[in-house]
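A.B. asks: Please build the complex by placing chain X on the supplied structure of chain Z, with the hints as guidance.
Each chain, letter by letter, is given below.
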Amino acid sequence: MSKQPVAVTGIGQTKHVAARRDVSIAGLVREAAQRALEDAGLDWPDIDAVVIGKAPDFFEGVMMPELYLADALGAVGKPMLRVHTAGSVGGSTALVASNLVAAGVHETVLTVAFEKQSESNAMWGLSLPVPFTQPLVAGAGGFFAPHIRSYMRRTGAPDTIGSLVAYKDRRNALKNPYAHLHEHDITLEKVQASPMLWDPVRYSETCPSSDGACAMVLSSRERAARAPHRPAWVHGGAMRSEPTMFAGKDTVSPQAGKDCAADVYRQAGITDPRREIDAVEMYVPFSWYEPMWLENLGFAQEGEGWKLTESGVTELDGDLPVNPSGGVLSTNPIGASGMIRFAEAALQVRGQAGEHQVDGARRAVGHAYGGGSQFFAMWLVGDEPPTS
Amino acid sequence: MPSYARDVAVVAFAQSDHKRHTDEQSEVEMLMPVLHQVLAATGLKTGDIDFTCSGSSDYLAGRAFSFTMALDGVGAWPPISESHVEMDGAWALYEAWVKIQTGEADTALVYSYGKSSPGSVRDVLTRQLDPYYVAPLWPDAPALAALQAQALIDAGEADEKALAGVASRSRAAAAGNPHAQLRGERPQGDYAVQPLRTGDLPPVTDGAAAVILAADDTARRLCERPAWIRGIDHRIEAHSLGVRDLTDSPSTRQAAERAGAFERPVDTAELHAPFSSQELVLRKALGLDDSVSVNPSGGALAANPIMAAGLIRIGEVAARIHRGESARALAHATSGPCLQQNLVAVLEGQEGEASR
Numbered sequence: 001m002s003k004q005p006v007a008v009t010g011i012g013q014t015k016h017v018a019a020r021r022d023v024s025i026a027g028l029v030r031e032a033a034q035r036a037l038e039d040a041g042l043d044w045p046d047i048d049a050v051v052i053g054k055a056p057d058f059f060e061g062v063m064m065p066e067l068y069l070a071d072a073l074g075a076v077g078k079p080m081l082r083v084h085t086a087g088s089v090g091g092s093t094a095l096v097a098s099n100l101v102a103a104g105v106h107e108t109v110l111t112v113a114f115e116k117q118s119e120s121n122a123m124w125g126l127s128l129p130v131p132f133t134q135p136l137v138a139g140a141g142g143f144f145a146p147h148i149r150s151y152m153r154r155t156g157a158p159d160t161i162g163s164l165v166a167y168k169d170r171r172n173a174l175k176n177p178y179a180h181l182h183e184h185d186i187t188l189e190k191v192q193a194s195p196m197l198w199d200p201v202r203y204s205e206t207c208p209s210s211d212g213a214c215a216m217v218l219s220s221r222e223r224a225a226r227a228p229h230r231p232a233w234v235h236g237g238a239m240r241s242e243p244t245m246f247a248g249k250d251t252v253s254p255q256a257g258k259d260c261a262a263d264v265y266r267q268a269g270i271t272d273p274r275r276e277i278d279a280v281e282m283y284v285p286f287s288w289y290e291p292m293w294l295e296n297l298g299f300a301q302e303g304e305g306w307k308l309t310e311s312g313v314t315e316l317d318g319d320l321p322v323n324p325s326g327g328v329l330s331t332n333p334i335g336a337s338g339m340i341r342f343a344e345a346a347l348q349v350r351g352q353a354g355e356h357q358v359d360g361a362r363r364a365v366g367h368a369y370g371g372g373s374q375f376f377a378m379w380l381v382g383d384e385p386p387t388s
Numbered sequence: 001m002p003s004y005a006r007d008v009a010v011v012a013f014a015q016s017d018h019k020r021h022t023d024e025q026s027e028v029e030m031l032m033p034v035l036h037q038v039l040a041a042t043g044l045k046t047g048d049i050d051f052t053c054s055g056s057s058d059y060l061a062g063r064a065f066s067f068t069m070a071l072d073g074v075g076a077w078p079p080i081s082e083s084h085v086e087m088d089g090a091w092a093l094y095e096a097w098v099k100i101q102t103g104e105a106d107t108a109l110v111y112s113y114g115k116s117s118p119g120s121v122r123d124v125l126t127r128q129l130d131p132y133y134v135a136p137l138w139p140d141a142p143a144l145a146a147l148q149a150q151a152l153i154d155a156g157e158a159d160e161k162a163l164a165g166v167a168s169r170s171r172a173a174a175a176g177n178p179h180a181q182l183r184g185e186r187p188q189g190d191y192a193v194q195p196l197r198t199g200d201l202p203p204v205t206d207g208a209a210a211v212i213l214a215a216d217d218t219a220r221r222l223c224e225r226p227a228w229i230r231g232i233d234h235r236i237e238a239h240s241l242g243v244r245d246l247t248d249s250p251s252t253r254q255a256a257e258r259a260g261a262f263e264r265p266v267d268t269a270e271l272h273a274p275f276s277s278q279e280l281v282l283r284k285a286l287g288l289d290d291s292v293s294v295n296p297s298g299g300a301l302a303a304n305p306i307m308a309a310g311l312i313r314i315g316e317v318a319a320r321i322h323r324g325e326s327a328r329a330l331a332h333a334t335s336g337p338c339l340q341q342n343l344v345a346v347l348e349g350q351e352g353e354a355s356r
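Chains Z and X are the protein sequences, given in the same order.
Counting from 1, one number per residue, gives the positions in the first sequence under the UniProt record's numbering.
Counting from 1, one number per residue, gives the positions in the second sequence under the UniProt record's numbering.
Same shape as in the complex, but just chain Z:
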């Protein structure tokens, strides 16, 4: 038996900002979903099922908010699933939705991911005291900074690499009307002079806190034939997980990330990702994760990722553009951030990325990670349907 082909026929995002005080949570998700439906030329009754994802419920202070969101997302009378796989959730949610079509269970699925960080405080949401457990207190940055230090020591990468990533992503964001941070006066010097938050991560090398939602309509081949715009096609998708901590864990380049990428490339028939993939939207919440993931996902040999960044390969006009949208460093509604990566990859192969379009992009990767570098979700989309 074989999987049914899956097409991305509609994509919608909100304009990501620090606080969307003008809408409720329901209003926020509906805005993105409505835009995805319009892009797909569909109306609410055309949707068979809704798959929604977000990061921890404490980030808004609503337990299982999908129950309350059923009406706003047109899910009444339909199946509704809620995925939660930590920071990778936006990607995982898209993959769960994609599987519903691939399995032949549904023809048209709406998938949505969101975070309304202004409703609460994510750093403290991550830092609730738990008996017998080391308190995190410092938020995600404090957790990941030592892993970055370890990467720098291991590879001998120059201290400035992180600032190059941030400078690139923040400039890319200027070409993306949906990006949260639009820093028109950004300079490399300003990034390098910004305050140190969690050594070696500076303020300008850190993701913002955003309110935002992203939605996609995923369709079977038959339904995709009726779509008004060219779809993107899913050529491979995978999730991998490993424990948070254990003796022998490689926190710099986790095995789960490598396995996830290898599975996606196998499904898509990719043997040389560096040459065969035209654009990458990877989950880089702290600047240094660009070179780290370049190695983990097989775009560079171990220890060589920072050289791609330093030589400009990952710039928008480079040989392997990474995060042409501005990435998580410019926009971070946590639960939606993974889905935005997946959706931006699809926009690239549909030729709909506007000012941040990578010329001639035919194959693009969307990637997300979460937890203690332990949950990975990734897909590869192309401009043509898969042949096998």
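FYI, nobody ran anything at the bench for these hints, they're computed from the structure.
Glycine included, each C-beta is placed from N, C-alpha and C at the ideal position.
Heads up, some of the hints might be wrong.
Per label pair, the in silico range of CB-to-CB distance [unchecked claim]:
id, chain 1, residue 1, chain 2, residue 2, range
1, Z, Ala193, X, Glu24, 51 to 57 Å
2, X, Asp154, Z, Gly41, 42 to 48 Å
3, X, Gly103, Z, Asp272, 46 to 52 Å
4, Z, Pro385, X, Ser240, 38 to 44 Å
5, X, Ala162, Z, Trp44, 35 to 41 Å
6, X, Asp72, Z, Arg274, 29 to 35 Å
7, Z, Arg149, X, Glu257, 35 to 41 Å
8, X, Asp154, Z, Trp44, 47 to 53 Å
9, Z, Glu222, X, Glu257, 21 to 27 Å
10, X, Ser240, Z, Gly156, 27 to 33 Å
11, Z, Asp199, X, Ala238, 47 to 53 Å
12, Z, Arg153, X, Ala238, 20 to 26 Å
13, Z, Gly303, X, Gly103, 51 to 57 Å
C.D. replies: Below, chain X alone, put in the same frame as chain Z:
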């Protein structure tokens, strides 16, 4: 019958001994023996499982990413293909079933758990309600279920005696269930929230459950009498109670139709009805008469580990089929206030000709 690409069966089920308190155990410690039991039943090891999916709630655990700790317990090394839903484990089973239907997996481990004892679960569940208009009023699950029960009584579809009958039958049935928390009949007691008496309410429970799914020949190899999932579907209703007819459960009926439940009678039904009144609503929606054995395990009135109680309904009917005590059974899971979201699965012991 609905037609799917592959025949998928529940080949093993395990659950904890459900308790009011498990102060001496973390969630992981509560879950681990259950995982070991379900794997032992099939002879599989973690590394043999193609896909793992779990269901749990951060709000019950009182911390973000609570499921990551459970994953450490699963032993996800080398890395595994894995996912998690912030829903009852019945929906984790649904996601795993879909994954197997894609052909990407032949086996799946599904687990879920919940500890309600550390906090006040009545208060915690109010955080599930519309955050702008309802949650600020803190209406708890028994109060909302009482509204539903009163609507049933006002419609002439139930009286307090009928509610008491459900409660008494459930706990009497649980006397034969070594995992149940309330084993044997209990007095109905005083009103908790009128018209519901304490006997109409579920116990507060800590517990965990796990299921292994397998497809086609793999299922036949792992289990002498696999419990084949002939149909499975789930549907959600509007959140606002004001726009719903609380005496009915259209989403349950819709899911049952899609799962093929009405094509032939079932002999057994495990209904996820935390409140006695909700069993009456579900019986009506599913058209179950007295010939059907309803909740022989005692149901959620005898043990209600939130996030696992729905998965346990599927496991309980599967175990009956494994033991040859049922030929065709229905399992139901619910989520949200007053049965807002419902899942129905139909399982059979017979080999595939029914679906082919």
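A.B. asks: All hints, please: hold or fail.
C.D. replies: Verification of the supplied hints:
1. Z:Ala193 <-> X:Glu24: 51 to 57 Å: 53 Å, holds
2. X:Asp154 <-> Z:Gly41: 42 to 48 Å: Holds, at about 46 Å.
3. X:Gly103 <-> Z:Asp272: 46 to 52 Å: Given a distance of about 27 Å, which is not inside 46 to 52 Å, the answer is violated.
4. Z:Pro385 <-> X:Ser240: 38 to 44 Å: 42 Å, holds
5. X:Ala162 <-> Z:Trp44: 35 to 41 Å: 39 Å, holds
6. X:Asp72 <-> Z:Arg274: 29 to 35 Å: Holds, at about 34 Å.
7. Z:Arg149 <-> X:Glu257: 35 to 41 Å: 58 Å Cβ-Cβ, so the 35 to 41 Å window is violated.
8. X:Asp154 <-> Z:Trp44: 47 to 53 Å: Taking Cβ atoms as reference, Asp154 of chain X and Trp44 of chain Z lie about 33 Å apart, which means the hint is violated.
9. Z:Glu222 <-> X:Glu257: 21 to 27 Å: 24 Å Cβ-Cβ, so the 21 to 27 Å window holds.
10. X:Ser240 <-> Z:Gly156: 27 to 33 Å: Taking Cβ atoms as reference, Ser240 of chain X and Gly156 of chain Z lie about 60 Å apart, which means the hint is violated.
11. Z:Asp199 <-> X:Ala238: 47 to 53 Å: Check passed, 50 Å falls within 47 to 53 Å.
12. Z:Arg153 <-> X:Ala238: 20 to 26 Å: 55 Å, violated
13. Z:Gly303 <-> X:Gly103: 51 to 57 Å: 38 Å, violated
When each numbered hint is compared with the structure, violations occur for hints 3, 7, 8, 10, 12 and 13.
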